[in-house]
Amino acid sequence: DVDTVMVDGDVIMRDRKLTRVDEENLYREVNKMMSRPATEAEMDRRDMAEKVEPYLRKFFEGTMGRSEQPHYNYNSRS
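Each residue of the sequence shown is one higher than the last, beginning at 1 in UniProt numbering.
No lab work stands behind these hints, which were simulated from the structure alone. Be aware that a few hints might be false.
Unchecked claim - Result set (SDA-like, lysine to any residue): computed pairs, CA atoms no more than 25 Å apart in a straight line: (1) Lys17 / Glu40; (2) Lys32 / Arg46; (3) Lys51 / Thr63; (4) Lys58 / Arg45; (5) Lys17 / Val30; (6) Lys32 / Arg45; (7) Lys58 / Met48; (8) Lys51 / Glu40; (9) Lys32 / Arg20; (10) Lys32 / Ala49; (11) Lys58 / Asp47; (12) Lys17 / Lys32; (13) Lys58 / Met43; (14) Lys17 / Glu29; (15) Lys32 / Val21; (16) Lys17 / Val7; (17) Lys17 / Val2; (18) Lys32 / Asp22.
To be verified - Restraint-style ranges between C-beta atoms, simulated for each label pair: (19) Thr63 / Val21: 33 to 39 Å; (20) Arg28 / Val7: 37 to 43 Å; (21) Glu61 / Asp15: 24 to 30 Å; (22) Val7 / Tyr27: 34 to 40 Å; (23) Asp3 / Phe59: 37 to 43 Å.
We treat Cβ as the ideally placed atom computed from N, Cα and C, and that holds for glycine.
Could you build all of it, start to finish, from the sequences and the hints given here?
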């Protein structure tokens, strides 16, 4: 488990709490945005995603979990 995170010398999480983000306000804003009706463009994107999902699933079927030889020697198993 991660307790503290530093990026470029700045602590961005301490004691599992973000130091630069007001989480309560963030959740409030996300809730506000998600409670509004979807726009026509958002509905179009959702419809397109639903149409292509079966094809993407078939395309990627069986690719996850296969052990392929790495294409870069640094990552090789030898």
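For this session: Starting from Lys17, check that the Cα of Glu40 is at most 25 Å away, please.
Result: 37 Å, violated
For this session: Take a quick look at whether Lys32 and Arg46 sit within 25 Å of each other, Cα to Cα.
Result: 20 Å, holds
Problem set entry | Hinted pair Lys32 and Val21, Cα distance within 25 Å | Holds. Lys32 to Val21 sits at ~17 Å (cutoff 25 Å).
For this session: Determine whether the Cβ-Cβ distance between Val7 and Tyr27 falls within the hinted range of 34 to 40 Å.
Result: 22 Å, violated
For this session: Assess, step by step, whether the Cα of Lys17 is no farther than 25 Å from the Cα of Lys32, and give holds or violated.
Result: 23 Å, holds
Problem set entry | Asp3 versus Phe59 beta-carbon gap, inside 37 to 43 Å or not | 40 Å, holds
Exercise. For the pair supplied as a hint, Lys51 and Thr63, is the alpha-carbon distance within the 25 Å limit?
Worked result: The hint holds at about 21 Å.
Exercise. Given the proposed pairing of Lys32 with Arg45, does the C-alpha separation stay at or below 25 Å?
Worked result: Distance of about 21 Å is within 25 Å: holds.
Problem set entry | Hinted pair Lys58 and Asp47, Cα distance within 25 Å | At roughly 18 Å apart (the allowed maximum being 25 Å), Asp47 and Lys58 satisfy the hint.
Problem set entry | Range agreement (Cβ of Val21 with Cβ of Thr63, hint 33 to 39 Å) | 35 Å, holds
Exercise. Is Lys32 close enough to Asp22, meaning Cα to Cα at most 25 Å?
Worked result: 15 Å, holds
Problem set entry | Proposed proximity, Met43 with Lys58 (alpha carbon, max 25 Å) | 24 Å, holds
Hint violations for this structure: numbers 1, 20, 21, 22, all remaining hints satisfied.
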